[in-house]
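K.L.:
Sequences listed follow chains R and Y, in order.
Using numbering that gives the first Met the number 0, the first residue of the first sequence is number 0, and each one after it goes up by one.
Using numbering that gives the first Met the number 0, the first residue of the second sequence is number 0, and each one after it goes up by one.
The hints are simulated quantities; they were obtained by calculation from the structure and are not laboratory data.
Positions of the beta carbon are idealized from the N, C-alpha and C atoms, including for glycine.
Please note: incorrect hints may appear among the correct ones.
Said to hold, decoys possible - Simulated DEER-style distance windows between Cβ atoms:
#1 Y:S86 <-> R:A23: 15 to 25 angstroms
#2 Y:S16 <-> R:K259: 25 to 35 angstroms
#3 R:Y21 <-> Y:V203: 28 to 38 angstroms
#4 R:L13 <-> Y:G87: 23 to 33 angstroms
#5 R:F126 <-> Y:F22: 31 to 41 angstroms
#6 Y:S127 <-> R:E226: 26 to 36 angstroms
As the list claims (entries may be wrong) - Footprint (simulated), chain R over chain Y, 3 or more residues, beta carbon under 8 angstroms:
#7 11-23
#8 31-41
#9 57-66
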Amino acid sequence: MSSLIDLYWHIFTLQVRSRFEYRADMVLGWCARILSYVCLYIAIWIIVERFEMIGGWVWVEIAFLLGFHMFAYAIGAALTFIQMRQLEEMVRQGQFEVLLVRPVNTWAYLVVSGLNLQYLGHLVLGFSLMIWALSNLDLVLSPLVTFQLVFSVVSAAMLTTALLTMLGASALLITRTRFFFGLFYDFWELGRYPLVIFPWPLQALLLTALPMGYTAFVPAAAVLGKEVPFWGDWASTAGMLAGPVFGGLAVLFWRFCLRKFEGVGG
Amino acid sequence: MRIFFVFAEASFRVQASFSRQVFVLIIGALINVVARVAIWTSVYDEQSSVSGVELNQMVTYSIIGTCLLLTWDSGLTIRDLGAEIRSGHIANKLLLPYQFPLFSLALQFGARVHYVLTTGLPVIILVSLFTGLLPPASMFALGLFIISCAISFAILFSLSTIFALICFWLFNAISAELMLRGILVLLSGELVPLWFFPEGLARVVENLPFCWITFYPMAIYLGEIDHGAAVLTVAGGLIWVSVLLSILFLLWRRICQTIALQGG
Chain R
0 MSSLIDLYWH IFTLQVRSRF EYRADMVLGW CARILSYVCL YIAIWIIVER FEMIGGWVWV
60 EIAFLLGFHM FAYAIGAALT FIQMRQLEEM VRQGQFEVLL VRPVNTWAYL VVSGLNLQYL
120 GHLVLGFSLM IWALSNLDLV LSPLVTFQLV FSVVSAAMLT TALLTMLGAS ALLITRTRFF
180 FGLFYDFWEL GRYPLVIFPW PLQALLLTAL PMGYTAFVPA AAVLGKEVPF WGDWASTAGM
240 LAGPVFGGLA VLFWRFCLRK FEGVGG
Chain Y
0 MRIFFVFAEA SFRVQASFSR QVFVLIIGAL INVVARVAIW TSVYDEQSSV SGVELNQMVT
60 YSIIGTCLLL TWDSGLTIRD LGAEIRSGHI ANKLLLPYQF PLFSLALQFG ARVHYVLTTG
120 LPVIILVSLF TGLLPPASMF ALGLFIISCA ISFAILFSLS TIFALICFWL FNAISAELML
180 RGILVLLSGE LVPLWFFPEG LARVVENLPF CWITFYPMAI YLGEIDHGAA VLTVAGGLIW
240 VSVLLSILFL LWRRICQTIA LQGG
């Protein structure tokens, strides 16, 4: 086990070193990502500034939601996004079979070898926004609330990882999955607004089959003590359990796809 | 000109060959429209008018803005060109017996027409069945709106191609794409029209080319700009188109003179 961890650590350090060979490119990427999201957040701020609130959430609460959404997503996406999106190409070109004969866990190898440091920009932005919002909110960070917040972030990051893994794994069955990633982000973007503003069928969808509601809204609302449709007082528990539950489903789906994989490239 | 339409038609046919993609694009457009309509419905709450703009005008702004004016994935131009610069395949484009920006414009035009016909218009028709989509303020407004759509496309094309050409120096298409996307979200009026901007910021933004992409065409459609001012606005848009196209072609000429190919 320890030799396996050493191996993954070694792969990870190689990945970091190779990325830092192009430092200027790296810094430019971080700045571009931060600029892109800052522009979007300013647009949302303008709406809240003019209309005072969105769905009963004032700016500082929206800022917390945006920060949470960005921070948790960045952790999950750094681990899986590029890797899972590239899986389609690997399958088509027959490169995935090469991974299968290596004496390591395929998913873990993909994650560690493709860890995306470009998400550092997202992490810094999300974390800063969360800290700023927390310092301006009338919220006492008791040990219980801190525990809830940390576990909610971990759960939301796990959920992102799980969903992206399931999307990527679909390539092993149907090969072409690129369009689904576009659709994933269409739904993911809904997670940066209070869910209560959407029609109830969409709210139900985002809390069940397409669980984007748990990527930020449910846990953030639970921490802030805001109303959560369907879950009510159980929102905090739901926010902390969504990640592990969908993580478990993703493991089962990944294994199922591996069993069914027949290879299409070469 | 004939060659332009041949390439545009070829691009249309390429897009048409991905029939399954249309279904996904329609769902994506529907989600975007529903989200924007939900935001405005929520923030208007029970107010009938804010800054002289009514809720049904904002709903129309969101639907048409999302389905017609924002339909073109401007990032695609940057990504495609960035990949060609990195791989060195851009050399093939330099050998073509016509200007590459015109070739690119034809391809984007074909793809845009395909999107509007297969996704944009069907989504507008579908959504208008459930929401109160307003008609153009007048026939004159409709005429100027159609011209504004062409200006919107030309400005978006010029900006994205200029950002794409910057990849010759940056070698980082993703960063250029993200920067442009961020700028457009804020300054084009894509999410928030200039009516709701703080006054100082609005005064600066209204003179930049970005708001001809979404804000001005929709303001003309809704009749929020009177006839005389609308004509001047369209004229301003045409000036921006000529300025941006000039920058684009100057940039392209400079690149052709100094290019050092990477990759291969």
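K.L.:
Determine for every hint whether it applies to the structure shown.
P.N.:
Here is how each hint holds up against the structure:
{"no.": "1", "hint": "Y:S86 <-> R:A23: 15 to 25 angstroms", "result": "holds (21 angstroms)"}
{"no.": "2", "hint": "Y:S16 <-> R:K259: 25 to 35 angstroms", "result": "holds (28 angstroms)"}
{"no.": "3", "hint": "R:Y21 <-> Y:V203: 28 to 38 angstroms", "result": "holds (35 angstroms)"}
{"no.": "4", "hint": "R:L13 <-> Y:G87: 23 to 33 angstroms", "result": "holds (26 angstroms)"}
{"no.": "5", "hint": "R:F126 <-> Y:F22: 31 to 41 angstroms", "result": "holds (38 angstroms)"}
{"no.": "6", "hint": "Y:S127 <-> R:E226: 26 to 36 angstroms", "result": "holds (32 angstroms)"}
{"no.": "7", "hint": "11-23", "result": "holds (count 3)"}
{"no.": "8", "hint": "31-41", "result": "holds (count 7)"}
{"no.": "9", "hint": "57-66", "result": "violated (count 0)"}
When the structure is compared with the earlier hints, a violation turns up for hint 9 alone.
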